[in-house]
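Model the placement of chain B on the given structure of chain A, informed by the hints.
Respectively, the protein sequence lines represent chains A and B. Residue numbering for the first sequence is 986 to 1094, as defined by my numbering. Residue numbering for the second sequence is -3 to 470, as defined by my numbering.
Restricting the straight-line Cα-Cα distance to at most 25 Å, the calculated cross-link-like pairs of lysine to aspartate or glutamate (DMTMM-like) are:
#: 1; chain 1: A; residue 1: LYS1015; chain 2: B; residue 2: GLU111
#: 2; chain 1: A; residue 1: LYS1052; chain 2: A; residue 2: GLU1071
#: 3; chain 1: B; residue 1: LYS314; chain 2: A; residue 2: GLU992
#: 4; chain 1: B; residue 1: LYS361; chain 2: B; residue 2: ASP318
#: 5; chain 1: B; residue 1: LYS118; chain 2: A; residue 2: GLU1094
#: 6; chain 1: A; residue 1: LYS1015; chain 2: B; residue 2: GLU110
#: 7; chain 1: B; residue 1: LYS314; chain 2: A; residue 2: GLU993
For the record, the hints were derived by calculation from the structure and aren't laboratory data.
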Amino acid sequence: MFAFTQEERRVVLFLVGVALVGTGINFSAKRYAAVKTVVCLNENLGKVNINKADRDTLMIVPGIGKKLAQRIIEYRNQNSNFTAIEDIKNIKGFRGYRFEKVKGMIYVE
Amino acid sequence: MIKRPLVWCTIAFSSGIIVAGLTRPDFFLLCLLTVLVLVLNLLASDRIVIRDISLLFLSFLIGALLYRNSLILPGCHISRFYSYKNNPVYMLKGFVNSQPEFKDNRTTFVFATEEIFFTRLKLKCCGNILVFIKAKLDFDYGDQLLLQGGLYRPFNRSASGQRSYGNYLASQGIYAVMQVRTKAHVVLLPRNRGWPMRRFALWLKKKIETIIYRRLSPVSASIVDAMVLGEKRHISPVIYKSMMRSGTVHILVVSGFNVGIVVFSLVSLLKLLRIQRRMRFLIALPLIIIYCLITGASNPVVRATIMAVIFMFAYLVKRQPDIYNSCCLAALFILAINPRQLFDVGFQLSFASVIAIVWIYPRLKRLLRAEKLKVKPLQFPVDGCLVSLSAWLGTMGFIAYYFKMVSPITVLANVFIVPLASLINLCGFGLVMLEFVSVYLASSFASATEFSVKLLIQLNNLLISLPKAYFYLP
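Bound conformation, chain B alone:
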């Protein structure tokens, strides 16, 4: 008997997306095939082989169908409006659909369009665009704006074999870019749009960032900001590159590791307050979802959040959770919303590392007979080394393909840096929470965080200075 039905369904579903991406079949043909296979499955309910194969084929077809549908744009989509004749100036009404970023003297954000104005006409439109304004403007998610500027197709050229910027934006659902010359071409309207829960999450993020930057030095604050909130824009490029070389850059983005720390901290804190186990999970569930929204709901965070929710829910209904099934459910959830995420580097790395840890680690442990290790204090570093090695083996191919780099030091670096990063994360969360309770205690947490961050940077520099620590591929 199969124990993991979702594994096969996910493999079939992903294969459907890949095949549809390569062959671009007709939408109606796919619909017809899906209906036929569905009918076949219903008719062959007593023939197990036909029934199961048709069920997998259905998953394959649904994957292909969803991918094909994601490529079709509605008639009123904003990308249908841009024209290069006479370089026209467009006026758009809509709302800010992401947290605005200010970098290189310009404000950037995703803008959800609602109306487009021509000389005499005001038309309804839809779709997201990326907006660049040559000024520093203090907008928030959900602010309704009126923008005036040029509308362009994103830059679509790339080096051979690499994905272009245009393709990257298209995978995020963005097909047009708007350049606004000055802030005089922007009008802030009184209405606020957007999802209230996301608005709350981003407001909370701003508050937490203020605490982090007030308590820590700029370098430490930028690293804690990236680790706790997933905000990388303030990190020094030198530090970022050195972490990339040592293969530990994953600690600078919010991933499953961070969600794990949040779940662990929350559950431990609630346990300390003597709250019942069932109640602990019920309180932690919405808080994890809010954390997912605060960090921008990237693929690794969504994956980890879904897995954490499944594990907690399984505990509440007293069922044994299965890591493969929950991982596949998370993948199906992400891909059903946006099938193009299958080709996203973050998605591939996130799932590859989890599957590698779950599948390779126990086999490596058995192979090297690590269980028979008699010296107890050695068990933790050996286990850490094996987990790190498994993750490295799982992601090495992707990293070599996308970043043209191999860093053998990753295995050793992760053994030291991951525990240190966990400590920084815990100190960071502690610092934020204690800020509301005791300023004195918050200061001591800030000092510990400061020390840990400096240690992390020094250790990382030492590791990448070792011979053959990393090398680039031609």
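Bound conformation, chain A alone:
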């Protein structure tokens, strides 16, 4: 027949064995390679929670001064917490352009 010598047979068998084990490892690595999360960013990072922030924290937001910060706290005390950031429009001084200015820097939780 093809008459492989003993050495040739050993070499082919060794290579087949290596290929089989290698393919198995490669297959397992691919099959069980789950999608790993590197970072889960908080989208509210760098924003101010208007339901919990104190006056000084509120005043960090550009566009909110001492008076407006005080009005937010008073509104919170009188009408429970904000349910959406649009609720801030109910406070005097936050309609129109000022709301547009601060809406990217505040959130409610």
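Frame of chain A; chain B shown alone:
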């Protein structure tokens, strides 16, 4: 006794890939079968027939198994992320995994992905994608980038019976394409990734290209660039098509022929410097591998490099190399890394031409009694004609199938053009090397190269203008 065990193993291995490509068997079933046959082979060590047949069957199964495994993509593969809902914009982090090309006002390169960013998430991912940026950007291999753009599945339609662009890219391990609108959506990160040896090879390629384009006219430089470095992007389409018609386009891509010239030049140069034979081969070996990397390690170059390494190594250990065995080892090496290369045109043409030259040429010579030719100066052109005819017979079927063209002028064209191409190659290498030694000598090499290239183009045009030089198939 069998003298060429690798020939049978390679045939069985390739058959396994073809059968697995046609039938797509289950991976676990293949694994089970392979283990069973392996055990059978070990148990039947005293029964020669069973032992040998099972050994070949093992090669067949390993081919099928590797092919099947190459089709499986990991869970974090980039191709699992694209979605057509709302046409989302993706942000990817990774590195440039090829030499970037600039053509038609856009930069193209293969990008190895590492991380993908969604609105709030940053996920690990893997796999290569093809990136198109509508701007000219000066990146190098290994540069780490942050890209923002749309991610798409490659175009998958094709004319009947032809391979689609998507299938072609998939065979290269690319399953997604990214379009980046402007250079504002690209951020170059300070880290450099990639393999240092490949980085060095591509840096060297850039340097050599600069020398070639500085010394030669644009047309000659583009041809020398293709012949010496395998870079075809600057060649005029008119010249490329005329070479294709005459069947001599193989000289415009780096192939075994070029590797042969590099080996010959290097060994001759080292011999001239009176370096010992053993030392000559030891110096030439790493240089050939670097040349393989410079030219982009395409299938023909890898094949020729492996064969050259085997031949040199055989000489070092004082053994007789066998061309069939070394050719099969090169094929097994390429296919074990990527079994899908078996369906690649370059792979098929490269191995078909070598096998045809090795197998058909001596038989043709005997048949036509070329050895008995008494006029010595006629021997070289007759031999050249027979080698060319053998290569043409070996590759004709593939060329007719893939390119729908038959060019009988190939046999004659190669007899004249191959020696001329060898001369251009030698002049090109000489020009690059002498640039560092003597500017005057480099200029004379440049003039010789210029003349040879012009002669090559004129000769090629003359040959294809002959009646019935080439014809297209319906």
